[in-house]
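Engineer: Residue numbers (numbering that gives the first Met the number 0), protein chains in the order written: chain R, 0 to 637; chain X, 0 to 637.
It should be emphasised that the hints constitute simulated quantities derived from the structure, not laboratory data. Treat the hints with care, since some could be wrong.
[Stated by the list, open to error] Computed from the model, here is a short list of chain X residues facing chain R with C-beta under 7 Å:
id, residue
1, Ala-168
2, Gly-172
3, Gly-174
4, Pro-522
5, Ser-561
6, Lys-597
7, Leu-600
[What the hints assert, rightly or not] Listed next, with one range per pair, are the computed distances between beta-carbon atoms:
id, chain 1, residue 1, chain 2, residue 2, range
8, R, Gly-229, X, Asp-21, 35 to 41 Å
9, X, Thr-463, R, Arg-605, 34 to 40 Å
10, X, Arg-602, R, Gln-459, 21 to 27 Å
11, X, Asn-599, R, Asn-400, 34 to 40 Å
12, X, Gly-598, R, Ser-89, 51 to 57 Å
13, X, Thr-308, R, Asp-55, 52 to 58 Å
14, R, Gly-579, X, Ile-612, 29 to 35 Å
Even glycine gets a Cβ: it sits at the ideal position worked out from N, Cα and C.
Protein chains: 2
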Amino acid sequence: MPAKPLRKLTPLGLAQVVFLDDGFLGQRIRTNRNVTLPIAYRRCKETGRIDAFRMDWKPPMPNPPHKFWDSDVAKWVEAAAYDLATHPQSERRKRLDAVVNLIASAQQSDGYLNVHYTIVEPEKRWTNVRDNHELYCAGHLMEAAVAHYRTTGSRKMLDVLGRYADHIASVFGRGEGQKRGYCGHPEIELALVKMYRATGERKYLDLAKYLVDERGQQPHFYDAEAAARGEDPRADSPQCWQSLQAHKPVREQNEVVGHAVRAMYLHSGMADVAMETGDAGLMAACRKLWDNVATRKMYITGGVGSHNTGEAMGANYELPNETAYAETCASIGLVLFARRMLEAHADAKYADVIERALYNGILSGVSLSGDKFFYSNPLAVNGCYKPEGRRHQDVRQEWFNVSCCPTNVIRLLASLGEYVYSTADNALYVHLYASGTATTELAGRTVSLKQQTDYPWDGQVALTVRVDRPGAFSLMLRIPAWCRRYKLTVNGKGFAAPVARGYARITRKWSDGDQVRLVLEMPVERVVANPAVPDNVGKVALQRGPIVYCLEQCDHAAPVPSISLPDKAKLTARRVRLLGGCVVIEGAATAVSPADWKGNLYRPYREVQTKKIRFRAVPYSLWANRRPGAMTVWLARQ
Amino acid sequence: MPAKPLRKLTPLGLAQVVFLDDGFLGQRIRTNRNVTLPIAYRRCKETGRIDAFRMDWKPPMPNPPHKFWDSDVAKWVEAAAYDLATHPQSERRKRLDAVVNLIASAQQSDGYLNVHYTIVEPEKRWTNVRDNHELYCAGHLMEAAVAHYRTTGSRKMLDVLGRYADHIASVFGRGEGQKRGYCGHPEIELALVKMYRATGERKYLDLAKYLVDERGQQPHFYDAEAAARGEDPRADSPQCWQSLQAHKPVREQNEVVGHAVRAMYLHSGMADVAMETGDAGLMAACRKLWDNVATRKMYITGGVGSHNTGEAMGANYELPNETAYAETCASIGLVLFARRMLEAHADAKYADVIERALYNGILSGVSLSGDKFFYSNPLAVNGCYKPEGRRHQDVRQEWFNVSCCPTNVIRLLASLGEYVYSTADNALYVHLYASGTATTELAGRTVSLKQQTDYPWDGQVALTVRVDRPGAFSLMLRIPAWCRRYKLTVNGKGFAAPVARGYARITRKWSDGDQVRLVLEMPVERVVANPAVPDNVGKVALQRGPIVYCLEQCDHAAPVPSISLPDKAKLTARRVRLLGGCVVIEGAATAVSPADWKGNLYRPYREVQTKKIRFRAVPYSLWANRRPGAMTVWLARQ
C-alpha cells in the first residue's frame with residue numbers, strides 16, 4: 000500500500016513476520032493455531048452456523064439460523080486465512096476453501112448474501128438495519144474475503160463479496176429510491192476500506208465514506224425506518240441513537256459513547272476512511288475520540304466498556320472494577336482503532352495502548368489452554384459470593400450463544416504479525432517486542448530483522464539486522480511509555496538515538512549482521528489512577544513492563560478483597576514456572592482480620608485488626624487459569 | 000388481641016398513639032397526611048388505577064388495567080384508613096368510602112375481585128399465580144379491608160374481602176379439584192392472618208398456613224401450572240423458584256434469597272402464622288432467616304436487596320454501595336418482618352432494625368416535601384457521571400409506573416403509631432422515642448404516657464406517666480444497641496433498672512405524674528463493616544444515635560468520591576436549620592488533589608497529593624433534597 004497524506008506507516012504483511020514459537024506471543028499464537036481455531040470451527044459446525052450456509056433450513060425446523068451467525072463463520076474464515084500465511088497446510092487450506100465455497104454458494108442472484116434474511120425472514124430484508132446486524136454480517140464476510148484473497152491469492156470469496164458490496168451500494172445511498180441507512184452495528188465501514196485496498200475499486204471506499212458521513216444525520220434514518228415497519232418512533236430514540244453512535248454526525252462526536260464494540264469499530268472505520276480519502280477533519284474527529292477513550296474511559300488492562308447494560312461505555316472516568324464489562328471484543332476493537340491511529344500518526348502512544356490491551360485485557364479473554372473464554376473481563380471478583388450473588392463469572396466458558404468474543408480472539412491472534420513492524424519512507428518501525436523475524440523491502444533493499452527477547456518478562460531485546468547490501472536507513476524502536484530508563488547499543492557501543500513520538504531513531508548505514516541491543520528497565524511499578532476515577536481512589540495497581548498484575552484467591556489464605564498494600568512494602572519480581580512461565584510479584588501486605596466480630600455486620604470503629612501476610616500477584620491476563628475465586632487488580636493503599 | 004404462646008407483645012392501636020406534629024417522626028407523618036396521601040390518590044386517579052374498578056374498560060381502549068394496579072389502590076385505602084384513626088375528617092372519610100364502595104362494586108358474584116383478570120384477560124384467571132400478582136393483589140385488598148374496618152368500624156370492605164378469601168380458599172388447597180398453588184409474590188399470607196385477627200375466622204388462618212406450608216413443595220406447582228398453560232417447564236426453574244422463595248419448603252430455608260420484597264413479605268407471613276398457630280418450628284425458621292438478613296445481608300441504612308437484576312438479595316456479605324438496589328419497599332418489608340419478630344420475642348434487637356431502616360433507608364425513599372420518591376436507595380452515587388453513565392438516579396421521581404414504593408411509604412408512615420409501644424402482661428414497652436402520647440389499658444388500669452424528646456437529634460427523653468389510680472407495673476424502655484452509655488432517673492433520682500433483651504425494666508408502683516428521664520448518650524460514631532463485606536474494606540461510616548450519615552456533593556468543593564476520613568479527625572455534631580432542622584457532622588477530612596495529572600488516566604505512584612478540607616455529613620435519609628450530585632455513606636479511612 001502506498002503511503003497517503005494521512006497515512007504515515009505501512010504494516011508488514013503476515014507472511015513477512017514470523018513469531019518464535021516459544022516466545023510469549025508466539026506461544027499464544029501457536030495455541031490459537033492448534034487449539035482455538037479448531038475449536039472455533041467445531042463450535043460453528045456443532046451449532047449449525049456453518050451448515051446454515053447450505054440454506055436448507057425450513058420452518059418449522061428447530062434452530063433457525065440466527066441474524067448474526069454469518070459473522071461468526073466469517074471471523075473463523077478470516078482467522079484461518081491469516082494463520083495460513085505463515086503456516087500453510089493442505090488440510091487446513093482444504094477446510095478453509097470448503098467453507099469459503101459453501102459461503103459463496105449461498106449468494107443470491109442479485110448478489111445478496113445473508114443466511115437468516117434469505118431463508119428465515121426473506122420478507123424482512125433491509126427493513127431493520129438499526130437492530131439486526133445485516134450490514135454487520137456483510138462487513139465480516141468482506142473482511143474474511145480479503146483475508147482469504149491475501150493469503151491464498153484466490154479471488155473466489157473476494158468476488159462474491161464484491162458483488163454483495165455492489166448490491167449493498169445499490170440499496171443504500173443518497174440516490175433516488177435508495178435507503179439513506181447505515182448499520183446499527185458498525186463494522187462494514189472498515190471492511191469496505193479493506194475491500195477497496197484489496198481490489199483498488201474506489202466504489203467501495205465511496206460506500207464506506209457514505210456510511211460514515213450519513214451516520215447521525217437528521218431527519219434520522221432510524222425513525223424513518225421504524226415508521227416504515229409500522230412502528231412508532233420510540234420515545235427513547237435519542238438514547239438508542241447514542242448507544243449506536245448515531246446521535247449526531249460522526250465529525251461532531253467528541254466522546255466515545257454507547258455500545259463499546261460498535262464505537263471501536265466505527266471509529267476504526269472513520270480512521271480508515273480518513274486515511275484513504277485524506278480527510279483531515281474526519282481524522283481530527285478520530286483524534287478527539289481517541290483522546291477521550293484513552294484518557295477517560297480505558298481500564299488499566301486496556302478494557303473498555305463500563306456497563307453490562309447495553310454493553311456500553313461509561314461516562315468519563317466511570318470505571319467500576321467489579322462490574323466492569325470490558326468485553327474481550329471491545330478491547331480488540333480498541334486495538335483495531337489504535338492500529339489505524341498508529342498507521343496514521345506514527346506515534347507510539349497508540350502502540351502503547353495496543354500493547355496494554357493485548358497483553359492484559361485481551362489475552363485474559365482466552366485461557367492459556369486456548370479452549371475457554373471470557374466474554375467480559377472484570378478487574379475484580381469478590382469470590383466470597385456464591386453463584387446466586389456472583390456478579391461476574393470467575394470461570395471461563397467453553398463457548399457462548401453470542402460467540403463474538405472467541406471468534407474475535409482467533410482473528411486477532413492470527414493477525415498479530417501485522418502489529419509488530421511497519422515501514423515508512425526509509426525507516427523500519429518496531430512497535431512490539433517479540434522473538435521472531437521480519438523481512439521487508441526498504442528503499443529497494445531487502446532488510447530482515449531478528450528479535451531475541453524474553454519480553455514481556457524481561458526488558459532486554461537483541462536485534463540482528465540482515466541486509467542484502469549495506470545501506471542507510473532508520474530503525475525506529477518504540478520506547479514504551481511505561482519505561483522510564485533504557486539503554487541502547489549498536490554493535491556493543493552506546494548509541495544516542497533521538498526519541499520523537501515515542502520512537503528511538505537509529506539512523507546509520509547498516510551492514511549485514513549488525514547488532515542492536517535495547518534494554519528497557521522493567522522495575523515493578525505501583526500505578527495509581529487519576530483521582531477523577533471514583534472507583535480507584537486510595538488504590539494502587541501493580542505493573543511491570545506492559546504487564547498489569549492481579550491477586551488471585553488461590554494464592555492467598557486471606558480473602559483477596561481484605562488485602563491492602565502498604566506504600567513502603569518492598570516488591571519483588573520473580574520468574575516462576577507457574578502459568579506457562581511468567582514473572583510474579585511478591586511482597587508483604589496487610590489483611591484485615593475477620594476475628595472478633597461475633598457475627599456482627601456493623602460495629603463502632605475502634606481499630607481494625609490486621610495481620611501481615613505475604614502476597615503474590617500474577618499477570619492479569621493469566622488469571623482464572625487455576626481455581627475459581629476472588630481476584631483484584633486494584634489494591635487499597637496503606 | 001390476646002397473648003399467644005409465641006406472641007409476647009401486643010402493639011397499641013393507632014387511635015391510642017398520637018405523635019406531636021413537630022417531632023421528627025411527627026413532621027414526616029404530617030407531611031404524609033397532607034401531601035403524600037393526596038398525591039398518591041391523585042396519581043392513582045390520573046393513571047386510571049382507581050377508575051379501573053368501574054370495570055368499564057373494553058378492548059381496544061387504551062391503558063388496559065394492569066395486573067398489579069389493584070394493589071396500589073388498596074395500599075392507598077389502607078394508608079388513608081390508618082391516618083383517619085387519629086385524624087378523622089369527613090372529607091377524607093368520604094373520599095375513602097367512595098373508593099371502598101367502588102372496589103366493592105367490582106366484586107363478582109362468585110366473590111372474585113380483580114380488575115385485570117375480570118375485564119382484560121377473563122379467560123386467564125388463576126392460570127399463572129407464579130408471575131401475575133393475582134393473589135398478591137388480593138392480599139393488599141385484604142390489608143386495606145382490615146384497616147378500613149379497624150378505623151371506621153364499617154364491615155363493608157371486610158365482608159367483600161371475606162367473600163373473596165372464601166373464593167380463594169375454594170380454589171386453592173389440598174382438596175380434590177383444588178390447585179395446590181401459592182402466589183409468586185408473597186403478601187396474601189400476612190394479609191390472611193390480619194383477616195383472621197379482624198374476624199376471628201379460623202379459616203383465614205388455615206388458608207394462610209396452607210399457603211406458607213405448600214410453598215416450595217415437590218412436585219413443583221409452578222411447573223405443573225406452566226404445563227397447564229402449555230409451556231415447557233423452564234430450564235431455569237430452580238433459579239426462578241429461588242427468586243420467589245419457592246425453591247424448597249419454607250421451614251428448610253435458612254438464607255434469605257431472591258426478590259427482596261417478596262422475601263420480606265413471605266417471612267413476615269411465616270412469623271404471623273407461627274405466632275397464631277403456636278408453630279415453634281416455623282418460628283425457628285423465621286429466626287434463622289432473620290439472623291441471616293440482619294447479620295449478612297443488610298445495609299447499614301436498613302436497606303436490603305443488593306441487585307438491580309431481579310430486585311434481588313445478594314449473597315452473604317454482598318453489599319455493593321453504588322449498585323445497591325435497596326428498594327424502599329424492601330426496607331419496609333424488613334420493618335414488617337422485624338415488627339412481627341419483635342412481637343413474638345420482645346427482643347430489642349428487632350426494634351433496633353426497625354429504627355435503623357425507618358430513620359435511614361425508608362425515609363430516604365420520600366422527599367422532605369413528601370412529593371418525590373426513590374425506588375432504590377443506593378449508598379453511593381458518583382455524581383461526576385453524566386446521565387448516560389449514571390448508574391443510579393440522584394433525583395427523586397414524582398411517581399413510577401410500578402408505584403409500589405410510594406404507596407408502601409404512605410401506609411407505613413400512616414401506621415407508625417403501631418410501632419412505638421406495646422404491652423405484655425403488666426408491662427408497657429417503649430420501642431421508639433418520639434414526642435407524643437400513648438394511652439392504654441394495663442391490668443385494668445388506664446395508663447397514659449407522654450414522651451417529650453428531640454430524638455433522634457438528641458438522646459434525652461422525658462416521660463410522664465399518667466395513671467387513673469396508682470399501681471405497680473413495668474415500664475420497659477428500649478436501650479438501643481447503638482447506645483453505649485445512658486442515664487435513667489425516676490422523679491429525679493437515679494434508677495438502677497435491670498436490662499434484659501435490650502429493655503431497661505422499671506418496675507415500681509406508679510403514681511399519676513411520675514417523671515422518668517432517659518438520657519441516651521449520642522456521640523458521633525465511626526462504624527466499620529464486618530471485613531467479610533468486600534465493598535467496605537478500609538471504609539468507615541458515620542452514625543450518631545440511629546442516624547446514618549452521608550456526604551453530599553452540594554456541601555463540598557472536592558469531588559465526594561475523592562474524600563477520605565483520617566482516623567484521628569475530630570468530629571463535631573451540630574444542630575442546624577438545614578433540611579428541616581437536623582444535626583450535621585463536621586470535621587477535617589482529606590481530598591485527593593486532582594492537580595498534576597496533565598490529563599493522564601494512569602501514572603506511576605510517587606505520592607498522592609492530598610489537601611485538607613472541611614467536610615459536612617448530613618443524615619442519609621435527607622439526601623437528595625437539595626441539588627443532584629455525588630453522595631456516599633462509606634468513606635475511605637485514612
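Engineer: The structure should be examined with respect to each hint, and the outcome stated for every one.
Structural biologist: Structure-based check of each hint:
Because the smallest distance between the Cβ of X/Ala-168 and any Cβ of chain R comes to about 34 Å, over 7 Å, the interface hint for this residue is violated. For X/Gly-172, the shortest C-beta to C-beta distance to chain R is roughly 31 Å, which exceeds 7 Å, and the interface hint is violated. With a least beta-carbon distance of about 35 Å to chain R, the hint placing X/Gly-174 at the interface is violated under the 7 Å criterion. Given hint, X/Pro-522 at the interface with chain R, is violated; its Cβ is 10 Å from that chain's nearest Cβ, farther than 7 Å.
The interface hint given for X/Ser-561 holds, since its Cβ lies 5 Å from the closest Cβ of chain R, which is under the 7 Å cut-off. Below 7 Å, beta-carbon pairs count as interface contacts, and X/Lys-597 has none with chain R, the closest being about 10 Å; its hint is therefore violated. The closest approach between the C-beta of X/Leu-600 and any C-beta of chain R is roughly 5 Å, which is under the 7 Å cut-off, so the hint is satisfied. R/Gly-229 and X/Asp-21 have their C-beta atoms about 59 Å apart, which leaves the hinted 35 to 41 Å range violated.
A beta carbon spacing of about 38 Å between X/Thr-463 and R/Arg-605 agrees with the range 34 to 40 Å that was offered as a hint. Here the CB-CB span from X/Arg-602 to R/Gln-459 is close to 25 Å, well matched to the stated 21 to 27 Å. Taken as a hint, the range 34 to 40 Å holds for the pair X/Asn-599 and R/Asn-400, whose Cβ atoms sit roughly 39 Å apart. Checking the proposed 51 to 57 Å range against X/Gly-598 and R/Ser-89 shows it holds: the Cβ atoms sit about 53 Å from each other.
Between X/Thr-308 and R/Asp-55, the C-beta spacing of about 39 Å breaks the proposed range 52 to 58 Å. For the pair R/Gly-579 and X/Ile-612, the beta carbons lie near 48 Å from each other, so the given range of 29 to 35 Å is not met.
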